[in-house]
Each structure stands twice: as C-alpha cells, then as structure tokens.
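Undergrad: Chains as they are written, first to last, in this note's numbering: chain A, 1 to 346; chain B, 1 to 341.
It is worth saying that the hints were derived from the structure and are not from the lab. Each hint should be verified, as a subset may be incorrect.
What the hints assert, rightly or not - Below, a sample of chain B positions facing chain A; criterion: calculated Cβ distance under 10 Å:
| no. | residue |
| --- | --- |
| 1 | T22 |
| 2 | L33 |
| 3 | Q93 |
| 4 | R131 |
| 5 | S133 |
| 6 | L160 |
| 7 | S164 |
| 8 | W168 |
| 9 | A246 |
| 10 | A276 |
| 11 | G281 |
Treat the numbers as computed from the prediction; the structure is a model and nothing was measured. Cβ coordinates follow ideal geometry from the N, Cα and C atoms, glycine included.
Residues per chain, in single letters:
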Amino acid sequence: MFRSLLSPFRQTTGIARWLLLTGVFITAVFVVCALFAPWVAPLDFNQRYVDGVKLPKQDPPSGEFWFGTNDQFFDVFSRVVWGARTALVVVGLSVLFSVVIGVVLGLISGFIGGWLDRLLVFLMDTLYAFPSLLLAIVFSFLLRDLLGGSVVAVAFALTVIYIPQYFRVVRNTTVSAREATYVEAARAIGARNHTIIGRYLFGNVIQSVPVIGTLNAADAIATLAGLGFLGLGIQPNEAAEWGYDVSRALDDMGAGIWWTAFFPGMAIVLLVAGLTLVGEGLNETVNPVLRKRRLMPVDMPANEPSSYLAEGDAAALGAGAPDPRFREDEPLRPEHEHRRREDESR
Amino acid sequence: MSARSGSLPRYVVQRLLLVIPTIWLIVTMVFILLRVAPGDPVSAAVGGKLDEAALDARRAALGLDRPLIVQYLEYLGDVATLNFGQTISDNRQLIDIVVENGGATLTLTLGAFIFALLVGIPLGLVAGRYRDSAGDVVIRIFGVVTYAAPVFFVGLLMQLWVASPLGWPTSDIASPITKFEVEPVTHILLLDAVIGGNWDAAWDVFQHHVLPCVTLGLLLCGVFIRLVRVNVLQTLKGDYVEAARARGIAEKHVIRRHAFRNALVPVVTVVGLMVALTLSGAVLTERTFNWPGLGTQLYQYLIARDYAAVQGLVTFFAVVVVLVSLLIDIVNALIDPRVRY
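Next up, chain A with everything else stripped away, as it sits in the complex (with noise of 0.2 Å):
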C-alpha cells in the first residue's frame, strides 16, 4: 500500500518530481490548516470580540493580527484558515459524490449498454458541455431554497458538475473491458453479473479516477469561490468562505485596502494551482504519452524456479521466450513487485 502510493514520486525524476512534491507540499500544508483550525487560528471565523473589546476595522496587518482585519471586525487570518476547513470539506463530499454516482453509472452503462447507455451518454454529454459555473449556479439556486446555503447544499451543487468525466471514463473503460479475454472467462465459469462489475471490471476502471479526482478538487475549489462571490455559496454565517471574502473586499479595493482581498484571494490561487501541480504530476506518470520515467534500478530476484513455474501459465513458456508480461514501455522491474500488479488486477 504504501510502496504504491510512492510510486509516482520513485518514477518521476527532476523537475517533475520536484513540481509534484510543491504541489503535495502546498496541499499538505492546507489539509494541516483545515484539520487543525481551531488551534491553527487564533479567533472563530466569526468572532469580533476578544475579552470583551471589539477588534479594530480594516486594521492593516500587523503583529497582532497577521493579515490585518476586514469591514466586519474580523480577523483576516483566521478566516483564511477557517476557509480552508470548508474548502476541502465541501470539495471533498463534492468529489466522493461525484466518484461514487459517476463510477457506478459509468459501470451499469458500460456494462449493460443498449438504450440505457446511450441515454445516460447523451444526457452526460450535454452535461458536460454546460458551462460549469452556470451549472452549479442553477444548482445552488434551487438548492439553497430546499436546503439553506448549507455546506451540503454547495457540495451537491458542485457534484453534478464533476459526475460526467467519471462516467466517462469509467463507461468508455468497462466497454472496452467488457469483451476481454478475461471477463469472458469469468462469464465462462458462470460469474453473475454484479461478480463481473464489482470483482473483474471494477478493478480495472478504478486507476484513472485518482487523477481526475486530483483536477476536479482543483477546479471545484475554484467553482466553490466562484459562487460565492456571485454570493450563492455558503452562507456567510454558516462558514468562512474564501469567495465571499474577496466579493465583501470589492468595494475595499478604491481606499487602498488591499489585504482584506488579497490573501483569501491567495489562497484560492496556491491551492488550487498545488492541487493542480498533484494531478499534473500524477498524470504523467499515469500516462504513458507523457511518461518519461526513471530506469528503475534492476534487482534481479535469486533463482527460484519453483515459484516462478508455480503460476501455471508460466510453466507453458518456453525456457528462452521473453515474459510476456514484461510490456515493452515499462522498464525492467523487480519480479516481486510484478507479480503483486498482477495480482491486483486478479
């Protein structure tokens, strides 16, 4: 498990690597903020009073308030931080949402095809060409007269943004999996067919979706501001939200007040573009038209013919045939860390 979730920094090399570990770095550093928000900002997110005294208007920062503090009596930096708790709980339900609707569509479509599927492909298609901004404002629009401007509400308006690329791929995947040899076989031996979805296609469709999960949370996060400077996010009393921030700083911007816009403004601009630099890294190394991997040190395994013949379809090879498995654009690996890719897709 672990050795697998390194991999993308083992086989990248320079400046690939080291734009992925900024990007994991900034996102890190924000996951910290967000989980530790109570001890990490120094005042709620909408407090105006300390010990009884009103915090200052618009004071610029300073050492006692950091960023500064806003029109409302707040104090900037713990709004900041504050901001990136809702952030990412509200991009991280939208994004599980959307995973777990758009998979599971794009698995029963794929797999059942006929009328079913081009339904669901031609009303995801025109999903997709919506303008997505547009969307999630017809969405939080309605929703918010149904649930309030909860942090649920938003994270459902963000959802059905993001559940057509999911299907997508999943669908196009389960398609092309669904005549392989091996379901095939499974099929053979009498395997129903929710064995087939769940055991032998999902595994197979699953490995694109951390990527485009990585660029959906990047790109939700930039949504998430964008409604609420359109004021149709998050309801200001409900949660710090970066958005609403900036929109409140508009009219702070003519008197030369600066800091109340620019850092949450910053903050949407590092997370989004250290969520990006994640899934841009993870990409190319998924990818194999950007692949450009390092050579993996070879470590020949010891001889030890009994456990290499032991998988059968081994012992059908031809002392001196080259391992089929070995598939050329991959660099030589070690036999034990072949052996649990295959097992995986097993």
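Dock chain B against chain A, hints included.
TA: Below, chain B alone, put in the same frame as chain A:
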C-alpha cells in the same frame, strides 16, 4: 455527391441532427430545474411588493396559472423561434436583454480569446520544445498559476496594481460621454463607434476593454499553454518527426513544419471546448469590472430571485455553447479529415 461515410456533407448533416436533441435536452433540464422544482416564480421575484390579487393577475398575464405541461410545450415553441421568455421582476423581453447587453459580452470574450491565443500558443510551443529547461518550468508555473487564479481575484489585483498607477479605466464598457455620443446600430459599442467614424470614442472603448480582456484571457491562456505543450511533446515523439530528421532536414525546419504545425491542429477543437469555460469566466469578470454584459444581467436577476430571467439567460448561454461547438466541429472537419470518420 454520394454520401459516403466520411464525406464532409454527411458529417455536417449528422452533426446538425445531433444539435436538435441536445438543445431540447438543455431547454428541458433548465425548465425542470428552474420552473418546475422551485414552485411559484412570481412570489419569489415580487412576493413582498404586491398583494395577492396583483400577484394572481401577474401570474395570469405570464401564463403561469396554466398546467405545467402546457407552459413547457409553449416554452419549447418559443425557444425554437429564439424567444427566451420575459423577466418577471421588470417585464423585459429576454431577447431584448440579449441584443442590448450581448455585445459587451461578445467583445469581452473575443478579446480574451485573442489575448489567450497570442500569449498561450507561443509559450506552449517554447515550453514543449525545450522540455524541462528553466524556461519550461517558468512557463508551466505561469500556466498553472494563471489557471488557478480566480478571474475575480486577478481582476481586483489588476485594478489595484495596474489600473491605478497607469490611470486606466476599471469599470464599464466606455466612458459615459462616449456611450451617449455613439449611435447604437449593432449594440456592439466598438463597432458602432467605428461605423460612426468616431475614432476618439473607439479608442476610449478599446481602453476600457484592455484590463477585462487581459483578466479573462489569462485564465484561458493557462489552458492553451498546457494543451500546446503536451501536443508538442507528442508530435516530437511522432514517427514523421523521426522520419524528417532521418531525411536530413534541418532541425529548425523539423520543429517548425512537422512538430509545431501538427501540434496546433487540436487547438481548434479546444477552442470549441473552452467556450463553456469562457462564459463561466465572463460572468465573474463582468461582475468584477462592472461590465454591462449578460453576466452582470444574470447576476442582477439572481439577486432579484427572478427565476424566469435566470431560466432564459442560462438557456441562452447553453444554446450558444452548443452552436459554437457545432461551428468549431465543422471547421475542424474541414481542416482535419480524420475527424469526419
């Protein structure tokens, strides 16, 4: 002409036939979401201002007291004739809003595209050509950051750090005096000023366009940089590049004629895909710069809780996206025969 599979007319016809159900689905989805689900749009928009009898009269006037299915069919008919309904809060025809404010959105988005292409494509080519060099890293980080920075934040920084020192205008499409001097012919202010031969007004309008177009263009240019860079990486690996090198063609010709030219073909497709992103960005840019386009109208009707206006504007935006992608697909089929199959 025979309609062989892969022939251009056949592709165009197929593509046109696909547009009709897509638009139907969009109209239906938006109708269900904004008309059926929320209940009564009249009381949402003007509920507090009028008494019950006046509200009923309003509903009857708008035909909202009839069964939903009748309203739905009528709306479908209206959209087919490019009539997107009328607003509830101030009784304007949606088509008038589109005509009066559409021009500002059009020039904003076109300007942004021009900026993004002029900046994004050369940077992407350089980054892909010199992969992993210092320039590549800087360009990639620039691409990631411009894509990551929300347009409304970039707009604010532009106003604060660029507009104030240089004394550039930061809001609206033109100075008030310019607007009233120019006779509205096309409702595209820049064109109207040129038609009227009023070059001072045209220069004024142009100046007002610079910052909003650059702001929105920066968002788009990140996408172009990433796309072009990846395409160059791919084409440089291609067999024909290898073959060209093997034939002894000078490296700079290989890069320019074989790698770069082929790397730019997908840009056409992506321009089509980016129309949606651009319109999303335009809504935010317009709010930031107080730009009198369709995005600002949408924002104002959202605040007014005018469901009918939001329904009409969102439908219009979506239909524009579908039609522009249709156009781009056809252009693409003309350029690249592989698309037609």
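Undergrad: Of all the hints numbered above, which does this structure not satisfy? Sort the numbers upward.
TA: 3, 8, 9
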